[in-house]
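Starting from the given sequences, assemble the full structure and let the hints guide the process.
Numbers given in this note's numbering equal positions in the sequence shown, counted from 1, plus 1203.
Read the hints as simulated data drawn from the structure, not as lab findings.
The model shown is predicted, which means the values in this text are computed figures rather than measured ones.
One or more hints might be untrue.
To be verified - Calculated cross-link-like contacts (lysine to aspartate or glutamate; reagent style DMTMM-like; alpha-carbon spacing at most 20 Å):
id: 1; residue 1: Lys1263; residue 2: Asp1241
id: 2; residue 1: Lys1243; residue 2: Glu1260
id: 3; residue 1: Lys1252; residue 2: Glu1264
id: 4; residue 1: Lys1230; residue 2: Asp1267
id: 5; residue 1: Lys1263; residue 2: Asp1251
id: 6; residue 1: Lys1243; residue 2: Glu1227
id: 7; residue 1: Lys1230; residue 2: Asp1251
id: 8; residue 1: Lys1252; residue 2: Glu1275
id: 9; residue 1: Lys1243; residue 2: Asp1267
id: 10; residue 1: Lys1301; residue 2: Glu1275
To be verified - Restraint-style ranges between C-beta atoms, simulated for each label pair:
id: 11; residue 1: Leu1224; residue 2: Lys1301; range: 33 to 39 Å
id: 12; residue 1: Glu1260; residue 2: Gly1293; range: 30 to 36 Å
id: 13; residue 1: Tyr1294; residue 2: Gly1242; range: 32 to 38 Å
id: 14; residue 1: Lys1301; residue 2: Gln1269; range: 19 to 25 Å
id: 15; residue 1: Gly1318; residue 2: Lys1243; range: 25 to 31 Å
id: 16; residue 1: Lys1263; residue 2: Asp1307; range: 24 to 30 Å
All C-beta atoms, glycine included, are put in the ideal place defined by N, C-alpha and C.
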Amino acid sequence: MASRSRQLTAAAKKLILTPVLTLEGHKNAIPSISYFPDGKRMISGSGDKTTRQWDLEAGKEIEDAQDVCEQEVYAVGVSRNGRWVVSAGGYFNIGELKRINFIDISGDSTLLASG
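Below, the structure is given as structure tokens:
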């Protein structure tokens, strides 16, 4: 058992990821991000009520959408063909939860799931 643990520890050290790019623009926490299918762009949603589209090659913001939710943006998603971007959010009051935390678009872009 001890040698197996050491092997896992050695393997885990090799899997440490190092950030290669920091994107700045949101003024609050970013609970959700999603890549576009081309791998060159990303969408992010934030507690500042915005979604932002990023050019990952240039390391810059392409577009932002202000006040896309009345409260924080908790979930973003991109369709598999890159045509559709969706966002969802809400709020939490003590004893009352009215927010969407997860969102996804079906492979054929005809269905939207959230929870």
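Each hint tested on the structure:
1. Lys1263 / Asp1241: 16 Å, holds
2. Lys1243 / Glu1260: 6 Å, holds
3. Lys1252 / Glu1264: Holds, because 16 Å separates the two Cα atoms, which is no more than 20 Å.
4. Lys1230 / Asp1267: 12 Å, holds
5. Lys1263 / Asp1251: 18 Å, holds
6. Lys1243 / Glu1227: 17 Å, holds
7. Lys1230 / Asp1251: 6 Å, holds
8. Lys1252 / Glu1275: 5 Å, holds
9. Lys1243 / Asp1267: 17 Å, holds
10. Lys1301 / Glu1275: 11 Å, holds
11. Leu1224 / Lys1301: 33 to 39 Å: Holds, at about 34 Å.
12. Glu1260 / Gly1293: 30 to 36 Å: 33 Å, holds
13. Tyr1294 / Gly1242: 32 to 38 Å: Given range 32 to 38 Å: holds, Cβ gap about 33 Å.
14. Lys1301 / Gln1269: 19 to 25 Å: Holds: the Cβ-Cβ distance is about 21 Å, inside 19 to 25 Å.
15. Gly1318 / Lys1243: 25 to 31 Å: 29 Å, holds
16. Lys1263 / Asp1307: 24 to 30 Å: Check passed, 27 Å falls within 24 to 30 Å.
Every hint from the earlier list agrees with this structure, and none is contradicted.
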